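Heads up: the protein sequence lines correspond to chains A and B, in order.
Residue numbering for the first sequence follows this note's numbering, starting at 756 and increasing by one per position.
Residue numbering for the second sequence follows this note's numbering, starting at 4 and increasing by one per position.
Hints were generated in silico from the structure; no laboratory data involved.
Watch out, some of these pointers could steer you wrong.
[Unchecked claim] Partner residues are not named here, just some residues of chain B that face chain A (Cβ under 8 Å, in silico):
| no. | residue |
| --- | --- |
| 1 | R344 |
| 2 | G357 |
| 3 | L360 |
| 4 | E363 |
| 5 | L372 |
| 6 | L375 |
| 7 | I383 |
[What the hints assert, rightly or not] So the derived label-pair ranges between C-beta atoms look like this:
| no. | chain 1 | residue 1 | chain 2 | residue 2 | range |
| --- | --- | --- | --- | --- | --- |
| 8 | B | E137 | A | A764 | 54 to 60 Å |
| 9 | B | F259 | A | L869 | 47 to 53 Å |
| 10 | A | F767 | B | S256 | 53 to 59 Å |
| 11 | A | E914 | B | V26 | 55 to 61 Å |
| 12 | A | V778 | B | E119 | 56 to 62 Å |
[Unchecked claim] Lysine to any residue pairs mimicking SDA-like chemistry, simulated, CA-CA at most 20 Å apart:
| no. | chain 1 | residue 1 | chain 2 | residue 2 |
| --- | --- | --- | --- | --- |
| 13 | A | K873 | B | Q339 |
| 14 | B | K121 | B | G67 |
| 15 | B | K338 | A | A874 |
Values in this document were obtained by computation on a predicted structure and should not be read as measured data.
Beta carbons: idealized from backbone N, C-alpha and C, even for Gly.
Each chain, letter by letter, is given below.
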Amino acid sequence: MPKLDLKTAGPFIALVVVFIIGVLVNDAFLSSGNLSNILARSSFIGIVAIGATFVITAGGIDLSVGSMAAFISGCMILLMNALMDSIDSMLVIIILAVIASLGIGALAGLINGLLTTKAKIEAFIVTLGTMGIYRSLITYMADGGTLSLNFTIGDVYSEVYYGVFLGLPYPVWVFLGVSVIGYVLLNMTVFGRHCFAVGSSESVARYSAINVDRVKTATYMLQGVCVAIATIIYVPRLGSASGQTGILWELEAIAAVIIGGTVLKGGYGRIWGTVVGALILTLIGNILNLTDAVSNYLNGAVQGIIVIVAVYLQRGAWRRD
Amino acid sequence: MPDGNNKSLTFSVRKLRKSFGPVEVLHGIDLTLRGGEVHAILGENGAGKSTLVKILSGFEQLTGGELHISDESGNSKQIDAWDNAIAEQAGVVLIHQEFNLAEQLTVAENIFLGNEIKGRVFLDKKTMRAKAQEYLDILRSDIDPDATVGQLPVSAKQMVEIAKAQAKNARVLVLDEPTAVLTQQESQVLFELIDRLRQAGVAIVFISHKLDEIKQIADVITVLRDGQLVGSYPAAELSKDDMVRLMVGRELSSLFPEMPKVSETAEVVLRVSNLLLQGNSTASSFELRKGEILGFSGLVGSGRTALMETVLGLRRAAKGNLGSVEIRGERVDFKQLSAARSKGVACLTKDRKGNGLLLEKGLVFNFSLFSLHKISALLIDTKQEEIAFEKAVETFDIRMKDRSIAAGNLSGGNQQKLLLAKILEAEPSIIIVDEPTRGIDIGTKSQIYHFIAQLLASGHSLILISSDITEVIGLSHRVAVMYHGEISGVLVGDEIEEVEIMRYATGLKNKNLHQEILDKSGTSNAKA
Ligand SMILES: Nc1ncnc2c1ncn2[C@@H]1O[C@H](COP(=O)(O)OP(=O)(O)OP(=O)(O)O)[C@@H](O)[C@H]1O
Ligand SMILES: [Mg+2]
Chain A
756 MPKLDLKTAG
766 PFIALVVVFI
776 IGVLVNDAFL
786 SSGNLSNILA
796 RSSFIGIVAI
806 GATFVITAGG
816 IDLSVGSMAA
826 FISGCMILLM
836 NALMDSIDSM
846 LVIIILAVIA
856 SLGIGALAGL
866 INGLLTTKAK
876 IEAFIVTLGT
886 MGIYRSLITY
896 MADGGTLSLN
906 FTIGDVYSEV
916 YYGVFLGLPY
926 PVWVFLGVSV
936 IGYVLLNMTV
946 FGRHCFAVGS
956 SESVARYSAI
966 NVDRVKTATY
976 MLQGVCVAIA
986 TIIYVPRLGS
996 ASGQTGILWE
1006 LEAIAAVIIG
1016 GTVLKGGYGR
1026 IWGTVVGALI
1036 LTLIGNILNL
1046 TDAVSNYLNG
1056 AVQGIIVIVA
1066 VYLQRGAWRR
1076 D
Chain B
4 MPDGNNKSLT
14 FSVRKLRKSF
24 GPVEVLHGID
34 LTLRGGEVHA
44 ILGENGAGKS
54 TLVKILSGFE
64 QLTGGELHIS
74 DESGNSKQID
84 AWDNAIAEQA
94 GVVLIHQEFN
104 LAEQLTVAEN
114 IFLGNEIKGR
124 VFLDKKTMRA
134 KAQEYLDILR
144 SDIDPDATVG
154 QLPVSAKQMV
164 EIAKAQAKNA
174 RVLVLDEPTA
184 VLTQQESQVL
194 FELIDRLRQA
204 GVAIVFISHK
214 LDEIKQIADV
224 ITVLRDGQLV
234 GSYPAAELSK
244 DDMVRLMVGR
254 ELSSLFPEMP
264 KVSETAEVVL
274 RVSNLLLQGN
284 STASSFELRK
294 GEILGFSGLV
304 GSGRTALMET
314 VLGLRRAAKG
324 NLGSVEIRGE
334 RVDFKQLSAA
344 RSKGVACLTK
354 DRKGNGLLLE
364 KGLVFNFSLF
374 SLHKISALLI
384 DTKQEEIAFE
394 KAVETFDIRM
404 KDRSIAAGNL
414 SGGNQQKLLL
424 AKILEAEPSI
434 IIVDEPTRGI
444 DIGTKSQIYH
454 FIAQLLASGH
464 SLILISSDIT
474 EVIGLSHRVA
484 VMYHGEISGV
494 LVGDEIEEVE
504 IMRYATGLKN
514 KNLHQEILDK
524 SGTSNAKA
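Use the sequences and the hints to build the structure in full.
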């Protein structure tokens, strides 16, 4: 029993430790500006990682999320700029772009899902392929440079990122909302149970009258929608998209999921763990920013190490059971 | 093979205790195994048989008590360190109920797995192959040492396990429910082999729920009840009734209940016409009536499971299949099991580990997985789920010391009960069961048979695939026998008896043949 508790509490303990390190390293860390910045930033990765929790729990993997985010950003910006000529209301334009974004996300997920289930290609290969495709598409759309959102719309839209409600930035509220919905979906619905079952054993799932292909495809679509939501709150932050947008998001998302205790080989997932995982990653990035001890450029290296260590620990714990 | 000079071998346990966490499951067991003796261990599901033999063979550590083993010269001494490697060194080998073979490797490679014979640099494949052939010859088995294990039938796999035990020079051979997956004929082959090992002085431990088998081959019988030792007895002194009484602690009423009659005019709930299975040239047809049990008999690999899984949409029919499936007169074409379930059809798989249960998940999770639709609108009603589970634990007498364990930690028989409960919780009206009582003790078996009788009385219908021929005969209203992927005959009334069933199962008789010759005026029936 105590071991089980440690498993659940592990990510939370790690979060507290990282937080204390932050406090010790720099006085600026505790400023309300910095803290709300951390929360807002963790929202992007967090939301993407919630989707990844479903995919991984059901035994899949999606490497395409980062370039998918970049591609969707580009589409949104092109669409909004184009609609400027024909529609007067900024609000209507933004709403149309949001709807389009969700649609593209779901469609991209559907494609990943169908390729893995119907064409029976490994998820790793499929999403590696789509990752390359979206990355190249956004670079092409931006002609190798940067796509910028029309200034007038950007002004209105920026409220989505910079606006504050009850002291917290909007993205944090969206993150919270997605987390709660994700939690309910994974732990309290038939779909969630099916994700666990499919990830544990596809053949047992099949003999339990679960439509395995449909469940897996649904997780990829959910992942696509989560990427779209993250993109919707990310676009107003910079008001632009380029070939560099969303680089390494897949690493961060998968890292957040694994740090949170979701099992990489599938069959077991934890939404709150993922949320904590996203917070830990963002905190570490922030601390690296605030200190001179380690270069900020090494952030990716630190995250890479964390993923590897987290999986190693998971395997160890797995074997001892 | 041991030289036969170690008749003096003894291997014993004293006051053996075993706990999993805070829960004790073996409470002080005494047992002595002797070379040249077949020692049967008998007990209800969850009594602790598997746990006991896992300790004997070093797969589990004891938490109390002592082990003693005699050396080559017959001096018994206490063992202080014991694990799987040491046990194998000492010649104690366990053959698990679930085999431990590497499916992609050949027979010879498996026999020497972890025990390889090395040349100077590389493995000495030639010697290993020759040796493997030698072991197989001693077992009088015609298995090809170069065959890939994954392609072999279960009985052959078991033979490979035993050959593997010989390569380890087994002095004590422990078999945990070896016959659960074998047909009667295959079991007889195994018994001949056990007999030869016994004569060679090997001590054999044999676990089975089939009392006839125990009667046939055991020299000594040890009975466990709920983790306690009831006693060890010379096999000759115990009748089957004695065994049951010692095991269950009470007399057992009749094994098979009186089955409700089915009228000739009862509605046909399932009609399969001319369904063509993959890899077959003859189509199958049969009917199931309301309130009926239709037994399916046949040798392993005769296509019973394939036929049912094709009906249910778990497998594709052959290309060019023109056959049809009707449920209560309505034509159906299931692509997914969920479609079958919504028409009230469900199936119990015989592959408990591969298709039946998620062994690392909890009991309730497994129990409700097939029937979640019943207890959820938007969200799953976990309270109702809990209540349904409690009820099933009672109905199916699922026994465990601790409800929070994973399904894989239930005893084998209790896993089977959980699987049965899982399928029936969906309340199907047409139930297809494949080896439903595999590994289930005789008391619970009788309980399940009575439960099935109740289901029939309330209008359910059942298809029973079983390699336990007494079960098929005892329960079925009619028996369909399959041979090489086709139904060679449907037997009714007095025809339903063992010899006749075997005639159809081995192709000596075939009701189609006659028909076919008439239909196709003698086109070739000589299929492989
Ligand atoms: N790893 C484990 N963790 C917890 N409990 C266990 C574990 N393994 C076995 N048990 C429990 O020990 C008890 C004895 O189980 P065991 O498998 O030895 O029974 P068995 O006599 O072999 O029964 P069966 O005839 O059904 O195979 C059961 O209550 C079972 O749930
Ligand atoms: Mg057992």
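Evaluated hints:
{"no.": "1", "hint": "R344", "in the structure": "holds (5 Å)"}
{"no.": "2", "hint": "G357", "in the structure": "holds (6 Å)"}
{"no.": "3", "hint": "L360", "in the structure": "holds (7 Å)"}
{"no.": "4", "hint": "E363", "in the structure": "holds (7 Å)"}
{"no.": "5", "hint": "L372", "in the structure": "holds (5 Å)"}
{"no.": "6", "hint": "L375", "in the structure": "holds (5 Å)"}
{"no.": "7", "hint": "I383", "in the structure": "holds (6 Å)"}
{"no.": "8", "hint": "B:E137 x A:A764: 54 to 60 Å", "in the structure": "holds (57 Å)"}
{"no.": "9", "hint": "B:F259 x A:L869: 47 to 53 Å", "in the structure": "holds (51 Å)"}
{"no.": "10", "hint": "A:F767 x B:S256: 53 to 59 Å", "in the structure": "holds (56 Å)"}
{"no.": "11", "hint": "A:E914 x B:V26: 55 to 61 Å", "in the structure": "holds (59 Å)"}
{"no.": "12", "hint": "A:V778 x B:E119: 56 to 62 Å", "in the structure": "holds (58 Å)"}
{"no.": "13", "hint": "A:K873 x B:Q339", "in the structure": "holds (15 Å)"}
{"no.": "14", "hint": "B:K121 x B:G67", "in the structure": "violated (39 Å)"}
{"no.": "15", "hint": "B:K338 x A:A874", "in the structure": "holds (17 Å)"}
Against the hints set out earlier in the document, a violation occurs for number 14 only.
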